[in-house]
Amino acid sequence: MKSASACSSSAPVRMTSPAPPATARTTHASACRILPNLTKNPGDGIGFAAWPAYRVSNGQMWGMQQRLNDCYRQQRFPYPGFASDATVALGVYLGVNSQGSRLCCPGHQALIDQEKPS
Amino acid sequence: LPAAPRRPVPLTSTRRLPHIVKSSFRDEGIVKASVLDTDETNKACSAADVAGKPLDEKTAKAIEAANMKTIKWPSNGKFLGSWQEGEKLAQSGRGLTWTDDAKTPNGGNCYNCHQIDKKEISFGTIGPSLYNFGKLRGVSDPNSPASKAMVEYTWGKIWNAKAYNACSNMPRAGHMGIMTEAQVADLVALLLDPKSPVNQ
Chain A
1 MKSASACSSS
11 APVRMTSPAP
21 PATARTTHAS
31 ACRILPNLTK
41 NPGDGIGFAA
51 WPAYRVSNGQ
61 MWGMQQRLND
71 CYRQQRFPYP
81 GFASDATVAL
91 GVYLGVNSQG
101 SRLCCPGHQA
111 LIDQEKPS
Chain B
119 LPAAPRRPVP
129 LTSTRRLPHI
139 VKSSFRDEGI
149 VKASVLDTDE
159 TNKACSAADV
169 AGKPLDEKTA
179 KAIEAANMKT
189 IKWPSNGKFL
199 GSWQEGEKLA
209 QSGRGLTWTD
219 DAKTPNGGNC
229 YNCHQIDKKE
239 ISFGTIGPSL
249 YNFGKLRGVS
259 DPNSPASKAM
269 VEYTWGKIWN
279 AKAYNACSNM
289 PRAGHMGIMT
299 EAQVADLVAL
309 LLDPKSPVNQ
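Note that the protein sequences, when read in sequence, are chains A and B. Using the numbering used here, the first residue of the first sequence is number 1, and each one after it goes up by one. Using the numbering used here, the first residue of the second sequence is number 119, and each one after it goes up by one.
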């Protein structure tokens, strides 16, 4: 994952990664409308690259484990154990698929701004 | 001779999958881990998905026939209930999660995948549009003999979609105990009642 923001509308120059997919500039909010296909790289700030995040209508920041937990809940699945093999494997799969995409998560922009030469 | 050391099964081996699934999920609230023990239909369709090619015609037909046998037809002979109740069910995505209790009435969550009433603009597109479902199929009087086949198909499709399309993505609402008979009748009315907003 690159340390550049995918959250800002004026997307910074990508460092070294493949040509951006059509969805590259889709922000987190609009990505919720059309569910991304996570079996391949969904692009900057989408899927794995969108977490941790404040879940809609939830005041706490959720990590990938919590996001997957709610995903399974809505699928009417039984309860996935925290850090269970299935959830870790799925998280790793999503992370590997997102390789090269830019992370978009709370506090990330501030971190980038801090690193910028003034 | 000492026994040869057992070669560990690689983490990526599909042989490990059943164990990984078993050890990763547990009962919670009204949801039992046993829901992951899927039936022959789901197993065949999942295997086809993994293989990346659809089921062969013969297997698909056999699965459809087996699912057709599970369809429970309305015990009171009434295929159509209230379209108003059907619309509420189509809107509701409640029920059957581990945060629901057994008393939560299940919704059909139909809009999640289908367009239905044109007034509802928030709908999914995984399934086909059902707007004008009855009108397009020429159902002007659901009680007429001419409509019988379409009325039965609509009931059967909602009860067990896989009776008509082996690997349909549509949940088997009646067969899996998601919807009651009365609820299925309300959904049939939503789709086929000439007074339903679906057919305006």
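Since the hints were made in silico from the structure, they are not lab data. Being a predicted model, the structure only gives us computed values, none of them experimental. All residues carry an ideal CB built from backbone N, CA and C; glycine is no exception. Mixed in with the good hints there might be a few duds.
[Stated by the list, open to error] Across the chosen pairs, the derived CB separations fall in these ranges:
#1 88(A) x 264(B): 51 to 61 Å
#2 114(A) x 174(B): 56 to 66 Å
#3 71(A) x 135(B): 53 to 63 Å
#4 253(B) x 110(A): 54 to 64 Å
#5 59(A) x 139(B): 46 to 56 Å
#6 99(A) x 188(B): 18 to 28 Å
#7 54(A) x 126(B): 34 to 44 Å
#8 157(B) x 39(A): 16 to 26 Å
#9 57(A) x 262(B): 43 to 53 Å
A quick look at each hint next to the structure:
Checking the proposed 51 to 61 Å range against residue 88(A) and residue 264(B) shows it holds: the Cβ atoms sit about 57 Å from each other. Distance hint check: the CB atoms of residue 114(A) and residue 174(B) are about 59 Å apart, consistent with the given range 56 to 66 Å. One distance hint, 53 to 63 Å for the beta-carbon pair residue 71(A) and residue 135(B), is violated here, with the actual separation near 19 Å. Checking the proposed 54 to 64 Å range against residue 253(B) and residue 110(A) shows it holds: the Cβ atoms sit about 56 Å from each other.
Between residue 59(A) and residue 139(B) the CB atoms are about 33 Å apart, so this pair departs from the stated range of 46 to 56 Å. Between residue 99(A) and residue 188(B), the C-beta spacing of about 45 Å breaks the proposed range 18 to 28 Å. For residue 54(A) and residue 126(B), the Cβ-Cβ distance of about 41 Å falls inside the hinted range of 34 to 44 Å, so the restraint holds. A C-beta distance of roughly 25 Å is found between residue 157(B) and residue 39(A), which places it inside the suggested range of 16 to 26 Å.
The hinted range of 43 to 53 Å is satisfied by residue 57(A) and residue 262(B), whose Cβ atoms lie roughly 48 Å apart.
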